[in-house]
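Visitor: Residue numbers (the numbering used here), protein chains in the order written: chain A, 1 to 337; chain B, 338 to 682.
You can take every hint at face value.
Okay, derived cross-link-like pairs now, DSS-like style, lysine-lysine, Cα gap no bigger than 25 Å in a straight line:
| hint | chain 1 | residue 1 | chain 2 | residue 2 |
| --- | --- | --- | --- | --- |
| 1 | B | K597 | A | K242 |
| 2 | B | K597 | A | K269 |
| 3 | B | K597 | B | K610 |
No lab work stands behind these hints, which were simulated from the structure alone.
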Amino acid sequence: MTATAIQTTERRIVEVRNLVKHFPVDGSDDVVQAVDDVSFDIIGGETLGLVGESGCGKSTVGRCLLRLIEPTSGEVLFEGKNIVGRPNKQMQALRREMQIIFQDPYASLNPRLSIRSIVSEPLKIHRIGGKSEQNDRVADLLQKVGLDPKYADRYPHEFSGGQRQRIGIARALALNPKLVICDEPVSALDVSVQAQVVNLLQELQDEFGLTYLFISHGLAVVEHISDRVAVMYLGKIVEICKAEELYEHPLHPYTKALLSAIPIPDPTKKRDRIVLTGDVPTPINPPSGCRFRTRCPIAIDECAAIDPELREIKPGHFAACIRVDGYDSSQKVETTQ
Amino acid sequence: MSHLLEVSNLKTHFQTRAGLVRSVDNVRFNIEEGELLGLVGESGCGKSITALSIMRLISPPGKIVDGSIRFKGEELTTASEERMREIRGDDIAMIFQDPMTSLNPVYTVGEQIAEALRLHKKLDRKRAWAGAIEAMKEVSIPSPERRASNYPHQLSGGMRQRVMIAMALACDPEMLIADEPTTALDVTIQAQILELLNELRVSRKLAILLITHDLGVVAEVADRVCVMYTGKIVEESGVDEIFANPKHPYTQGLLRSVPKLTEIGSAKAERLKTIEGTVPSPTNLPFGCHFAPRCEYRLDMCTEGLIRLIDLPNGVKVRCVLHDEKKKFKIGRERTLADLATEAI
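Chain B with its partners taken away, still in its complex shape (with noise of 0.2 Å):
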């Protein structure tokens, strides 16, 4: 059995001025027709990268140095960028989170989902003016009509973020890459287009992966979760199993330091639980765990060799040596594996 997209042992590395940055750093997940994979982790974690890597639209010093990225069988790394063109839209459309930034201030909404329809399926003029409407009714902007002569200024920016849904779903893609689509919103209106994504990705069977730093966003619409720091995969699950049973103390401490709403007791007088420190700069990583300095559960052999991204049963993965069942007799000698499990709970 194949999937949708497979992505293995990518690699993308920036050539700096201060060293070489490794941006994304042997990572590798699969996405299926219609599935929703959140990918999350905070600002510099390689997140976005690993997007634009996808879509090769990684530009210098910026480089895909190794690995393979997959669609429907088809290797992406290697492909001609005439072929690359023809996926984009095509096959994988995606959309960011600025949508002011995305669109052309000089073109109306409505020219510029018509052009991805000439240029993608062929279209004349009218006949793509037509598509850019139906795609803009599809995204339940109200009276497509009128709004597809608008200019991007004029329209909210929840709107705005409709019109780019409906550009990239124009060419009826099998997979959306949704970076951050949300952030830029206000929290009703990020109601609406998470509502929005679900409905699609029900209706299309539309395979969507959801860039975000948000875990709320994350828990309601994702099915399955990777979590991301310093551009590795440190944990992936199953969403419900990530929120009720975090394996990574990092997911752990990301899970804890988010303040949640109607909590029992006095909110007032708890602190909430923080990640010590600050992560590490991207041309000086500590050698070993790159969590480990700010790792609560640190034990000397996470600083001693490189750290394997572990399989445990149900599809969760998890890179930290507490997982790690061939070096249960090593860190038995350290603490014993029943401490930690007690502790970490």
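The following block holds chain A by itself, in its conformation from the complex (with noise of 0.2 Å):
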């Protein structure tokens, strides 16, 4: 049903183009390409996905998207407008559109501060309401994240890792943003709490009618949510289409070995795994061409050589693989070999 409310309001809330973001390193004239040269869209009221491994730069991505870090260069659209280089009092009008929930729920949250003084903290810099009106706002946020409102007066040592969450998620809505950046937001979870606060976020978008960039290392759960993914390595987006598409047919050899690779609690089913050899390298200086040739099973000379770009292999799939060209990808990758 989200589908089709997508195809008829299909409009881009979040365009991103060109994205790079090089963090200096310490001591020397190297950098680290956290995020190089990334470009994407995000369509309101949808859930993008993305994943990746450690260090592959999806929560800077995230958080270049609010500016929470100021990227090396490219653009960022937030409803057509660019936010990169935007006055700091204007960037705060803009904020109030796009809220952040981090992994963390203990890290997240300041110790010495109520339940309410934080969930209400959004209220007080944005100037919204009086104080009465800011208290009725706080009961309304803990009552639709499934808290009880009269917890409000505690603090954030009292309430368990997935209530903390839940809490989390009352500040992010507290200025009834459209687009929300989930920075892992139930990695920290144990699993029965996980599958509570990953429902919750489904109702919120559905009553809210919110736009997630659903940011995770775990595939499962992103599958689950999104409605499109796009799979990072190394900085770079490799494969980006919708969740379906991109868990039944992977066109990438890294989306293919990451999907193996993912223990499934079912032990009847016995998949030919692929396991990557080796570590992935160091972002400070990435391989030449397609940055994941030094791991793939099925990399050739030309990979060295050729830095492979996002191409559309079929309509609404992209794949960023000078190996892959249309049709079904395993059969070709094995009558090449």
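Make one complex out of these two single chains by using the hints.
Guide: Quick look at the structure:
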């Protein structure tokens, strides 16, 4: 049902163009190429999943979208307005529309503030309503995220991890944002609690028409919650398409390996696992050409020379790999071996 | 026939300011030679404390208050500290979740592995160093001669975990306790480490107690599974059986709340099934079945008395009155067992 809603009202809420973020390395001229020439769109009302392993740049992308980190170059358009280089005053007004939920529900809540202060802080900053209106809003928000409003005067340490994550969600929703960046929101939670929070995020999305960028290394959670998924490797997007398509017909060899590496909670399903050799190279000095080629099972000499662009291989299915051209990739790979 | 490791009625309690915490309460299980037993549960269920109890690494206010741990027939709960030092490493080795904090940052990894060999095998420095390189080779660390001279910070997370495994296995133990060995690692690296553990199990007939919260990991590598909740084992079963036919409502709930890959139909529209509520506070556990307040099949009798671990055919054990033959009649009075069985599935 959500899928049809997207098609009829399809509009881009975020457009990321050639986003680059390089971090200087102390005491040398090297740079960490955390994000390198990344472009994608987020469509209003959808959940775009962003997956990848640690250090691939997925959180940096999320933070660049809010300009919590200043991009090195490139453009981030939020509803058509470029936020890169925008003066801070104007940026603050735009931030009402875009919020973030963090991974660690322990570190992201100030232990010395009551829940009421935490959730109402965005309202105070943006001077919305008087004290009693703010209190009503806090009660309303806590109810929405499944917490009893009578707990508003308690402190974070009195809550469990799952409950704290609900508080973080309430805070993110306080300003009625359009876009919420969810940066590993369930990774620190136990499985049974994880499911509760994922469901809550979906319910809130339906109710408020939220758009999510859902950043996670948990591919199963991402598949469950996302409409489309982008896969990152070493600062680049290597594949992006609809969630079902990605999981059923992955094209990029990295996506294939990643999917085959996930342990499935069903012992009867023994799969042919592609175990990648070696580790992710350092983003200070990434390999030439395709960054995945050093671990790629199907790499050829050209891969070292050509930096593969994200190409539309099937309608709506983009992959950055010169070994993938059209149709069924798995057959193709075998025949060319 | 005796088991390699026999844990029976183990109780490890912590006296805290908030009250007595029964972290491990009446836990019993066995591990056979070459077997991989998965111990699963959510944070705070007592799975790591069980492992530390086996190694006798519980420090005050924690204490093993009752029960027995037998390794090849030898009682560990009463063994001298000196004897335990021999057993740790020689017979039972342990690896932890975070390889960065378990390695000493100011020594090279080769020195750290060699130290274990010098202490346990009484090798001289030169031989110990050669042994360290050999051990690193066995866990497939590329160019081990060079890597041995690296400090932990020069290695990646996956390489560090390999070093930990090399160190654990350097003295040829018969059993390895792996406490969340892949939790801190990325999936592609996790796959490498699981593969390695599996290989070692076969090549060395190594018994492994794998502690994890990840049901996927368990399904991939375990032979048998124990599920823990609030310090007690609530279900023990073969790996195929427990995933195909989980008996305890907690196990059922846990399996349902995991998002699964490539489910047929629209995953988007469906919500995940959850377990209502949260784990009770360890100092204030409910009477009777600890899971009862969250259980959808709760009966009055669940909160009336202690719930036994019931032995079912094929080595399956479950701590739930619904499977208690002796209470069948009583359950029948509340609801018919047949109804429950169909509902449960």
